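Just so you know, full-length UniProt numbering puts 59 at position 59 of the sequence shown, and the rest follows in order with no gaps.
Accuracy of the hints is not assured; some may be wrong.
To be verified - Quick list of in silico lysine-lysine cross-link-like pairs, DSBU-like style, CA-CA up to 35 Å:
#, residue 1, residue 2
1, Lys24, Lys84
2, Lys24, Lys8
3, Lys24, Lys61
4, Lys24, Lys72
5, Lys84, Lys61
6, Lys47, Lys84
7, Lys8, Lys47
8, Lys47, Lys61
9, Lys72, Lys47
10, Lys24, Lys47
11, Lys61, Lys72
If you are wondering where the hints come from, they were derived from the structure by calculation, not from laboratory data.
Bear in mind the structure is a predicted one, so any value in this text is a computation, not a measurement.
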Amino acid sequence: SCFMQSTKLVVDTPNAGECGRPQKTSQELTDGVADHLNCPLSEYIYKLESYRITSPIQWYKGCEPILDGSDKYTYWDRTLLNVKRVEPEDSGTYTCTLTFTLGGVTG
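Can you build the whole structure from these sequences, using the hints too?
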């Protein structure tokens, strides 16, 4: 039997002085109530899950990691970041990252 795996690599260069990814999406949350951000990697997360490949998510605000279950934030359903009470100071750039191992290579 034969097994072949191909990979397409797309490299996006981050903007100078910025943390996060160069491809961005805008999301608006409601001030004063609990709301959530959607991770744009959900398609990849579900694809990896279909192959039973574990893929931890990490969220960041700016360059700082967001701790799951902190006073302010909770990771929900693998693709959502719940903000317990949205306030104006929550504005900023949020990034979700996905880590997984495929064919012995972690990425």
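Outcome of the hint check:
1. Lys24 - Lys84: The hint holds at about 23 Å.
2. Lys24 - Lys8: With Cα atoms ~21 Å apart, lysine 24 and lysine 8 stay inside 35 Å; holds.
3. Lys24 - Lys61: holds (13 Å)
4. Lys24 - Lys72: At roughly 23 Å apart (the allowed maximum being 35 Å), lysine 72 and lysine 24 satisfy the hint.
5. Lys84 - Lys61: holds (15 Å)
6. Lys47 - Lys84: Given that 35 Å is the threshold and the Cα spacing comes to 29 Å, the pair holds.
7. Lys8 - Lys47: The hint holds at about 15 Å.
8. Lys47 - Lys61: holds (26 Å)
9. Lys72 - Lys47: holds (29 Å)
10. Lys24 - Lys47: Roughly 21 Å between the alpha carbons, so the hint for lysine 24 and lysine 47 holds.
11. Lys61 - Lys72: Roughly 12 Å between the alpha carbons, so the hint for lysine 61 and lysine 72 holds.
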